[in-house]
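S.K.: Here are the chains, one letter per residue:
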Amino acid sequence: MAVVGILAAEADHRKSLRLAVEELGYRAAPAKDMKGAVEVLQKERPRLFVVAQAPEDKIAESLLGELERSAPLLPVVVAMTQRKAARAMELLRAGVFEVIAPPWTPENVSACLSKALRFKGTAFEALRPVSEPKGALAYAAAVLLVFVLAAGYAGLQRHQRAVRAARTAPPPTHWELPYSHPAGLAYDGKYFWITDWYSKTLHRHDPVSLRIDRTVHIPREVPGAVAFAGGAVWIAATPRGIVKHMLNDRLTVLGRYPDIKHQTLGMAYDGLYLWTVDAGKRKLHKRILDDRLSVVESYAYPGSRPAALAFDGTELWSLDAGNREILRHDLDRPTRITMRIPLPEYRSGEWTPTGLAWARGRFWTVAQRRRRGRGKARIFSHPLPGAGS
Amino acid sequence: MKTQGASLLPLLIAFPEAEGRLESWGKILDLGALSARILTQSRLSAREPLLLSFRLRGEDFDSLPAVVERSEIDEDGYTRCEVRFTLEADRLRLGRVLRVLLASR
Numbered sequence: 000m001a002v003v004g005i006l007a008a009e010a011d012h013r014k015s016l017r018l019a020v021e022e023l024g025y026r027a028a029p030a031k032d033m034k035g036a037v038e039v040l041q042k043e044r045p046r047l048f049v050v051a052q053a054p055e056d057k058i059a060e061s062l063l064g065e066l067e068r069s070a071p072l073l074p075v076v077v078a079m080t081q082r083k084a085a086r087a088m089e090l091l092r093a094g095v096f097e098v099i100a101p102p103w104t105p106e107n108v109s110a111c112l113s114k115a116l117r118f119k120g121t122a123f124e125a126l127r128p129v130s131e132p133k134g135a136l137a138y139a140a141a142v143l144l145v146f147v148l149a150a151g152y153a154g155l156q157r158h159q160r161a162v163r164a165a166r167t168a169p170p171p172t173h174w175e176l177p178y179s180h181p182a183g184l185a186y187d188g189k190y191f192w193i194t195d196w197y198s199k200t201l202h203r204h205d206p207v208s209l210r211i212d213r214t215v216h217i218p219r220e221v222p223g224a225v226a227f228a229g230g231a232v233w234i235a236a237t238p239r240g241i242v243k244h245m246l247n248d249r250l251t252v253l254g255r256y257p258d259i260k261h262q263t264l265g266m267a268y269d270g271l272y273l274w275t276v277d278a279g280k281r282k283l284h285k286r287i288l289d290d291r292l293s294v295v296e297s298y299a300y301p302g303s304r305p306a307a308l309a310f311d312g313t314e315l316w317s318l319d320a321g322n323r324e325i326l327r328h329d330l331d332r333p334t335r336i337t338m339r340i341p342l343p344e345y346r347s348g349e350w351t352p353t354g355l356a357w358a359r360g361r362f363w364t365v366a367q368r369r370r371r372g373r374g375k376a377r378i379f380s381h382p383l384p385g386a387g388s
Numbered sequence: 000m001k002t003q004g005a006s007l008l009p010l011l012i013a014f015p016e017a018e019g020r021l022e023s024w025g026k027i028l029d030l031g032a033l034s035a036r037i038l039t040q041s042r043l044s045a046r047e048p049l050l051l052s053f054r055l056r057g058e059d060f061d062s063l064p065a066v067v068e069r070s071e072i073d074e075d076g077y078t079r080c081e082v083r084f085t086l087e088a089d090r091l092r093l094g095r096v097l098r099v100l101l102a103s104r
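Going line by line, the protein sequences match chains A and B. Quick note: the first sequence uses numbering that gives the first Met the number 0, first residue 0, plus one each step. Quick note: the second sequence uses numbering that gives the first Met the number 0, first residue 0, plus one each step.
Everything labelled a hint here was simulated from the structure, so no lab data went into it. The beta carbon of each residue, even a glycine, is placed where N, CA and C say it ideally should be. Take these hints with a grain of salt, some might be off.
[To be verified] Chain B is nowhere near these chain A residues, computed Cβ spacing over 12 Å in every case: (1) D56; (2) R82; (3) A93; (4) N107; (5) S109; (6) S113; (7) K114; (8) F146; (9) H261; (10) L330; (11) R377.
[As the list claims (entries may be wrong)] Calculated lysine to any residue pairs in the SDA-like style (CA-CA distance at most 20 Å, straight line): (12) B/K26 - A/N107; (13) A/K189 - A/R203; (14) A/K83 - B/V67; (15) A/K57 - A/E67; (16) B/K26 - A/K280; (17) A/K199 - A/K375; (18) A/K57 - A/A70; (19) A/K83 - B/R92; (20) A/K83 - B/L11; (21) A/K31 - A/A85; (22) B/K26 - A/R210; (23) A/K83 - B/V96; (24) A/K34 - A/M0; (25) A/K189 - A/R210; (26) A/K83 - B/P15; (27) A/K83 - B/R54; (28) A/K83 - B/D75; (29) A/K57 - A/A100; (30) A/K83 - B/R56; (31) B/K26 - A/K199; (32) A/K83 - B/R98; (33) A/K83 - B/S41; (34) B/K26 - A/L116; (35) A/K83 - B/R20; (36) A/K280 - A/E344.
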């Protein structure tokens with residue numbers, strides 16, 4: 000988890016920034032003065048500093064001077080207490096990475112921190128002008144030589160590029176599925192399972208090639224969310240039911256339970272409780288696996304439009320289709336978000352995510368086209384921020 | 000000319016046709032005599048007129064009229080757009096400064 004240093008003289012400014020930073024899933028290391036900031040720098044090794052100051056203050060310039068010796072490429076973001084564009088320009092010219100204006104809400108701070116954390120620091124780059132030739136003969140000779148060398152060099156480059164491309168071809172990040180109406184996704188430790196509500200089918204996919212290796216038709220259900228719990232597969236089915244299936248070839252029905260907290264769009268099992276999310280009322284429900292799937296506690300969903308749930312072995316995650324991001328929830332207080340992972344794959348609006356799973360060290364989502372039924376569905380893989388693809 | 004990282008040119012953005020809209024700021028990613036690519040937290044839409052101010056090689060360019068050609072939101076939520084300078088006089092002056100800058104490097 001990235002550490003964000005906060006330098007703010009005022010206690011309430013420190014508190015606001017700290018809340019905003021932690022809400023975004025980073026760890027905040029606050030300091031009230033320059034001495035504290037230097038300590039944070041040495042002990043916490045922050046990835047960037049956020050400085051709260053009034054437009055007339057010179058705190059950021061002082062910090063830049065301090066950082067010039069010890070960490071010249073560390074980005075400094077200034078959170079100004081008043082919006083003053085001219086002062087923002089001065090700070091940017093002084094070397095500040097970015098300036099943000101109040102209010103310092105997580106939404107306002109998010110883009111800036113994300114950009115600053117991916118900043119690597121580099122130098123000015125300019126194309127050099129080509130110098131003029133001295134004479135016609137020299138020019139002709141030079142042109143001839145350049146052509147000969149260029150032809151040889153281009154051939155070599157083509158060959159090297161081909162070799163490099165073959166070695167470094169990025170792994171695929173999405174796969175087309177041979178059906179159009181996915182409604183839920185789960186991983187059983189070996190395979191992906193995806194429900195298709197239109198054909199009333201549960202498809203099992205190979206986790207590497209994503210090819211279907213088994214299909215089970217469940218004609219008495221319109222399947223939605225899916226989860227594995229207690230050695231069985233649980234499927235939220237309309238209207239208002241959750242069905243428990245044995246994990247055999249036919250997925251024999253072991254029990255049907257009326258869904259007392261419908262409409263369940265996502266399910267995940269944490270080893271003790273079955274978590275479900277009710278999209279209509281935007282509630283997270285913690286249930287026990289008794290004969291009624293009783294709800295132990297319910298929590299308001301802290302995101303926009305829940306679409307699915309997943310458990311990665313230690314943490315509960317949800318797919319927020321409204322804000323196109325994956326949220327990590329505090330298991331003791333699920334209304335608190337401890338991390339957000341944006342999903343740029345969904346920014347175009349062409350796809351609607353319907354399922355979420357954690358498998359092989361990354362998240363996977365399944366999606367249907369926005370214009371439902373107008374094309375094949377797709378499964379996306381999402382590496383964790385900071386991890387390689 | 001491409002500018003990168005710590006050397007991105009700071010940019011002041013004013014909105015001549017949006018009454019009451021506060022001035023904003025951003026950075027120049029690429030700068031040419033005719034156009035520039037800019038990065039800002041403000042939302043800018045295609046065909047929106049702007050007034051751009053920046054300093055290049057110690058020379059101030061104040062309130063250059065420009066229009067947004069293309070605009071998109073990048074992966075961090077920033078607006079990344081291409082703007083075209085609309086006045087011939089500004090283009091000539093920018094071209095002169097850029098030529099001097101490139102020749103000196």
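S.K.: The structure should be examined with respect to each hint, and the outcome stated for every one.
M.R.: Here is how each hint holds up against the structure:
1. D56: holds, 18 Å
2. R82: violated, 6 Å
3. A93: Given a closest Cβ separation of 9 Å, the condition is violated.
4. N107: violated, 8 Å
5. S109: violated, 7 Å
6. S113: Given a closest Cβ separation of 4 Å, the condition is violated.
7. K114: violated, 4 Å
8. F146: holds, 26 Å
9. H261: The assertion about A/H261 holds, with a minimum of 34 Å to chain B.
10. L330: holds, 28 Å
11. R377: holds, 19 Å
12. B/K26 - A/N107: holds, 18 Å
13. A/K189 - A/R203: It holds: about 10 Å lies between the C-alpha atoms, which stays within 20 Å.
14. A/K83 - B/V67: violated, 23 Å
15. A/K57 - A/E67: This hinted pair holds, its Cα atoms lying about 16 Å apart.
16. B/K26 - A/K280: violated, 43 Å
17. A/K199 - A/K375: holds, 16 Å
18. A/K57 - A/A70: Between A/K57 and A/A70 the Cα gap is close to 19 Å, so the pair holds against 20 Å.
19. A/K83 - B/R92: It is violated: about 28 Å lies between the C-alpha atoms, which goes past 20 Å.
20. A/K83 - B/L11: Judged against 20 Å, a Cα distance of about 11 Å means the pair holds.
21. A/K31 - A/A85: Violated. A/K31 to A/A85 sits at ~26 Å, over the 20 Å cutoff.
22. B/K26 - A/R210: violated, 46 Å
23. A/K83 - B/V96: violated, 29 Å
24. A/K34 - A/M0: violated, 24 Å
25. A/K189 - A/R210: Distance of about 13 Å is within 20 Å: holds.
26. A/K83 - B/P15: holds, 18 Å
27. A/K83 - B/R54: OK: A/K83 and B/R54 at ~18 Å, within 20 Å.
28. A/K83 - B/D75: violated, 23 Å
29. A/K57 - A/A100: holds, 16 Å
30. A/K83 - B/R56: violated, 24 Å
31. B/K26 - A/K199: Outside the cut-off at roughly 52 Å; violated.
32. A/K83 - B/R98: violated, 33 Å
33. A/K83 - B/S41: Judged against 20 Å, a Cα distance of about 14 Å means the pair holds.
34. B/K26 - A/L116: Between B/K26 and A/L116 the Cα gap is close to 17 Å, so the pair holds against 20 Å.
35. A/K83 - B/R20: Judged against 20 Å, a Cα distance of about 13 Å means the pair holds.
36. A/K280 - A/E344: Violated - the C-alpha atoms of A/E344 and A/K280 are around 27 Å apart, more than 20 Å.
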